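Chemist: Each chain, written out:
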Amino acid sequence: MFHRIVKPPFLNKLQWIHLGIGVLTISLLVLASVNILFTDDDWRFIIFLFATSITGFAYHQYREQSEGVKNNGVWFGSLTSRGLLAWATALGLTAFYCLLYWWPEYLGLNASGNTGLIALFDPLSMLLKKQAASQWFVYGVFYTLCILCFGYKFLLKYKHNKYQKLRTISVMFFQLFFAFLIPEWMLRMNLPYNDLKNMWPLNYYFFDAWNIESFKSSGGMGWFFLVFGLLMIFVISPSLTYFFGKRWYCSWVCGCGGLAETAGDPFRHLSDKSLKAWKLERFLIYSILLFSIVMTAGVLYTYKTGQAELFGISTAEMRKSYGFFIGAAFSGVIGVGFYPLLGSRVWCRFGCPMAAILGIQQRLFSRFRITTNGGQCISCGNCSTYCEMGIDVRAYAQKGQNIVRASCVGCGICAAVCPRGVLKLENGSIDIFDRTPEKS
Amino acid sequence: MYKTLIIGNGIAGVSCARWLRKNTDDEIQMVSQESEYFFSRTALMYVYMGHMRWQDLEPYERSFWAKNKIDLLQGKVLSIDYELKIAYLENEKTLAFDRLVLALGSKSNKFGWPGEDLEGVSGFYSKQDLEYIEQKSNNIKRAVIVGGGLIGIELAEMFHSRKIPVTILVRESEYWSSVLPPEEAAMISKHIRKNEIDLRLNCQLQSILGDQGQVNAIVTDQQEHIPCEFVGITAGVRPNIDLVKGSQLSTDKGILVDEYLQTNIPNVYAIGDCAQLTNVSKGRKAIEAIWYSGRQMGETLAANLSGNTKSYNPGIWFNSAKFFDIEYQVYGYVPSKIVAPFDSIYWEDPAGEKSIRLVYDLSNHQISGFNLMGVRFRHEVCEKWISQNSSIQEVLAKIRMAFFDPEFYPDYSSGILDAYFQKTGKKIIPKSSGKLNAVLNFLKS
Ligand SMILES: Cc1cc2nc3c(=O)[nH]c(=O)nc-3n(C[C@H](O)[C@H](O)[C@H](O)COP(=O)(O)OP(=O)(O)OC[C@H]3O[C@@H](n4cnc5c(N)ncnc54)[C@H](O)[C@@H]3O)c2cc1C
Ligand code: SF4
Ligand code: SF4
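Chains as they are written, first to last, in my numbering: chain U, 23 to 462; chain L, 57 to 501.
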């Protein structure tokens with residue numbers, strides 16, 4: 023007898039239709055990049071289709087589902103279990119990032135008049151800032167669209183969980199306004215491009231000569247950006263981390279985190295939980311932090327003294343290789359391109375120097391911790407599986423120990439998926455130096 | 057240095073081994089039939105539903121055991137010679153020991169129903185059961201589940217996740233009403249039906265019918281035929297003591313042990329689901345087939361085996377479960393029928409999927425238990441209130457300290473205070489914000 027294997031994830035008819043719209047959208051984008059357009063206003067149509075396919079798919083996925091955690095079939099679906107679809111998606115994304123960073127001319131970037139994909143967004147760019155589009159503008163549009171549309175999907179998936187909803191609305195808000203609209207408007211007003219929430223060292227060009235000069239030369243607003251940037255690094259950010267843990271940034275504000283939490287959410291379980299991965303994580307993230315500090319110091323040294331070399335190393339070269347290896351290859355190509363293979367927070371976990379700093383603060387002097395609810399843990403492993411940072415949450419929970427880990431971004435998903443109500447993200451000041459008591 | 061042999065690598069055996077390793081340099085050998093590596097039995101359902109892979113069920117990396125010098129062996133123990141101190145395995149292997157820990161677990165109850173040995177009929181307890189269910193539930197038209205407990209509901213959710221229609225036969229008049237108070241039991245029955253499960257209450261299995269050795273229907277005690285291709289038997293579990301039955305080891309339903317987890321034979325111990333306590337502490341049962349009892353027994357026994365004598369003290373009862381989307385927690389004494397001198401106040405969310413019940417003693421107003429549906433409470437706080445004999449008024453005034461739901465969740469305190477007012481006419485003024493600092497101070501005090 024023939025046995026058909028019937029397993030989730032199940033797609034209903036309307037989901038298939040929206041998947042079809044998605045395929046159509048991608049086809050149109052491919053056509054546009056080889057200069058086949060249908061009308062002058064194709065960009066509107068394409069954005070509309072893009073948003074419709076994702077939000078429609080999500081709507082019909084969760085419409086009939088009851089409120090609660092729905093991870094059925096996560097390890098069965100090809101896209102979410104490193105199957106063929108996952109590899110294909112990773113390949114496609116990686117290719118896109120390589121073009122974006124290193125060969126934007128193939129996307130149609132051209133000083134004497136854009137073509138292809140970039141030309142497609144010229145009208146929108148003109149509308150916003152009266153300039154032709156660049157590859158970064160196009161990237162910004164898609165990035166923001168992804169956070170908004172997949173954010174909507176996330177909101178539906180966690181419709182029962184107010185913490186999840188609020189923080190998702192927050193990352194959607196910061197992406198749309200702080201990362202996208204406000205900087206574009208500022209360009210239109212001839213102010214320096216600045217994403218207020220994007221602080222050094224994540225924003226590694228903050229101390230670049232051109233950036234400082236551009237701030238200094240734009241009057242009061244520029245000085246405000248400079249001072250605000252410094253305040254963020256040294257005052258605002260450590261204070262907020264003291265009160266709430268690094269989550270205030272990583273899961274509520276940051277754009278990289280925002281994409282990981284929304285578009286990356288279906289891949290969160292792919293993070294490696296082994297001890298080996300933890301060791302690699304600590305080695306990489308602190309090395310990169312060191313690299314970014316040395317690089318910045320070098321750049322500032324050159325800016326101040328005019329000397330091109332620090333200890334015989336060209337600071338410009340240092341800055342360039344940081345931008346290439348860390349800023350582009352790691353955070354973009356691997357960080358996002360490999361979502362379907364390595365999970366959604368590879369950059370945040372192994373690479374981001376900002377996360378490293380906030381993590382040290384969180385580990386040492388924050389009120390934040392994840393509390394374990396007495397003896398209720400049944401060691402089921404849902405928390406560890408769905409921790410995007412690869413933290414073996416269960417290892418702590420089953421011992422009744424609170425979780426105070428530098429890497430925890432406070433997404434709260436471990437607490438959401440726990441079937442026994444064992445975990446709670448909390449802030450308390452009276453036991454900051456004793457947050458991890460081991461009960462039996 | 058002793059040679060300790062542990063039979064069974066479930067939570068009980070593994071907890072014992074881990075703590076024994078922490079405390080001593082003893083030689084530790086663990087043998088188990090079901091799987092080489094320890095896994096979380098409680099999470100079997102999530103593999104079937106695709107939330108996790110098998111390896112995600114293993115709480116320790118595989119290298120952990122060798123690193124900690126705990127020898128693992130997969131195999132079935134056929135008999136034990138207590139005088140010679142040798143365990144005999146299949147394939148003529150033998151294992152010698154100085155001390156023997158029996159952590160044999162449970163097995164599914166069967167009641168001799170006609171047809172219960174047909175193909176397509178199975179309990180749900182082991183890794184092998186899961187594999188069998190995976191194989192037999194492929195592309196079937198209906199599954200019937202017999203028995204309405206915590207494992208039955210998990211099996212129902214599993215099939216539901218694969219869009220397999222499910223019928224559950226439950227003897228009681230509401231789901232799990234032998235344990236849950238009536239309102240909560242009714243809430244669960246309703247929730248199960250909302251998930252399109254065909255829930256038959258007051259209904260028992262009479263026989264299972266088959267065709268060429270394969271199940272094709274069941275018959276209920278109301279003579280109804282329900283065609284189905286799979287029957288899950290989830291009518292409870294019992295200690296798995298086949299290995300030791302009829303030997304000089306004293307057994308009843310389980311292996312009889314004293315409060316030191318010692319059997320009647322020196323140097324032989326039993327822990328976890330298979331153990332039956334002869335000296336039961338207040339509010340607890342002689343056999344408790346639950347996860348944390350196994351963990352606590354394992355830890356207690358390891359202390360005893362390392363010369364640090366400790367009697368088994370499970371403390372105040374608590375437990376938790378999940379019925380589809382509704383989480384359940386209980387702390388302390390919450391009987392299914394609340395009768396004098398006990399009484400309770402009950403708050404239910406208008407949507408009917410959350411509730412809080414506080415049980416207290418009318419004679420002295422002391423709190424005795426908490427029953428939560430769809431709401432999370434903080435274990436240590438509830439435990440402390442109960443063990444301190446706090447009054448119901450004091451608990452209510454500080455009820456926010458018990459809330460353990462995620463941040464930004466609604467504050468249910470006014471609902472429960474209202475319920476108390478309705479019942480007694482007494483108004484309670486809330487005295488705690490429930491902030492973590494307050495909770496920590498309370499727990500330290
Ligand atoms: C589906 C399911 C869900 C559950 N969910 C929960 C829950 O949410 N909360 C909760 O508190 N409890 C739950 N339980 C109960 C809990 O899992 C058990 O109480 C616990 O696993 C028992 O642990 P144990 O170490 O005593 O025995 P087990 O885990 O059963 O381990 C005993 C081992 O001994 C082996 N063994 C037996 N005889 C021999 C022999 N002769 N030779 C070699 N090996 C042998 C067996 O193969 C088995 O692997 C659940 C149980 C099931 C089946
Ligand atoms: S430990 Fe929990 S809150 Fe922290 S990153 Fe992992 S899943 Fe998110
Ligand atoms: S999800 Fe909850 S019960 Fe499961 S291992 Fe994690 S903390 Fe324990």
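Treat the hints as calculated values from the structure; they're not laboratory data. Remember, predicted model here, so these are calculated numbers, not experimental data. Every residue gets a Cβ at the ideal spot worked out from N, C-alpha and C, and that includes glycine. Do not take every clue at face value.
[As the list claims (entries may be wrong)] Computed list of lysine to aspartate or glutamate pairs in DMTMM-like fashion (alpha-carbon distance at most 20 Å, straight line):
1) U/Lys-421 - L/Glu-285
2) U/Lys-29 - L/Glu-285
3) L/Lys-246 - L/Glu-285
4) L/Lys-219 - U/Asp-63
5) L/Lys-132 - L/Glu-175
6) L/Lys-479 - L/Glu-463
7) L/Lys-183 - L/Asp-82
8) U/Lys-184 - L/Asp-405
9) L/Lys-250 - U/Asp-456
10) L/Lys-166 - L/Glu-315
11) L/Lys-250 - U/Asp-64
[As the list claims (entries may be wrong)] Beta-carbon label-pair distances, calculated as ranges:
12) L/Pro-283 - U/Ile-39: 44 to 52 Å
13) L/Gln-270 - U/Lys-301: 46 to 54 Å
14) L/Lys-250 - U/Ile-58: 47 to 55 Å
15) L/Tyr-58 - U/Glu-460: 22 to 30 Å
Chemist: The structure should be examined with respect to each hint, and the outcome stated for every one.
Modeler: We went through each hint and held it up to the structure:
About 42 Å separates the Cα atoms of U/Lys-421 and L/Glu-285, which puts this hinted pair outside 20 Å; it is violated. Annotation: proposed proximity of U/Lys-29 to L/Glu-285 holds, straight-line Cα distance about 17 Å (limit 20 Å). With a CA separation close to 26 Å, the supplied pair L/Lys-246 and L/Glu-285 exceeds the 20 Å bound. This hinted pair does not check out: L/Lys-219 and U/Asp-63 have alpha carbons roughly 44 Å apart, beyond 20 Å.
A C-alpha spacing of about 24 Å is found between L/Lys-132 and L/Glu-175, which places the hinted pair above 20 Å, so the restraint is violated. Between L/Lys-479 and L/Glu-463 the CA atoms are separated by roughly 30 Å; this puts the pair beyond 20 Å, and the hint is violated. The straight-line distance between the Cα atoms of L/Lys-183 and L/Asp-82 is roughly 30 Å, outside the 20 Å bound, and the hint therefore fails. Taking the CA atoms of U/Lys-184 and L/Asp-405, the gap is near 17 Å; set against the 20 Å cutoff, the hint holds.
Straight-line distance between C-alpha atoms of L/Lys-250 and U/Asp-456 comes to about 45 Å, which puts the hinted pair past the 20 Å bound. Proposed proximity of L/Lys-166 and L/Glu-315 is contradicted: the alpha carbons are some 30 Å apart, above 20 Å. A threshold of 20 Å between alpha carbons decides the hint, and for L/Lys-250 with U/Asp-64 the separation of about 45 Å lies outside it, so the pair is violated. Between L/Pro-283 and U/Ile-39 the beta carbon distance is about 34 Å. The supplied range of 44 to 52 Å is therefore violated.
Our hint of 46 to 54 Å for L/Gln-270 and U/Lys-301 holds, since their Cβ atoms are close to 52 Å apart. At roughly 50 Å, the beta carbons of L/Lys-250 and U/Ile-58 sit within the given window of 47 to 55 Å. Between L/Tyr-58 and U/Glu-460 the beta carbons are some 27 Å apart, a value that agrees with the proposed interval 22 to 30 Å.
In summary, the structure is inconsistent with hints 1, 3, 4, 5, 6, 7, 9, 10, 11 and 12 from the numbered list given earlier, while agreeing with the others.
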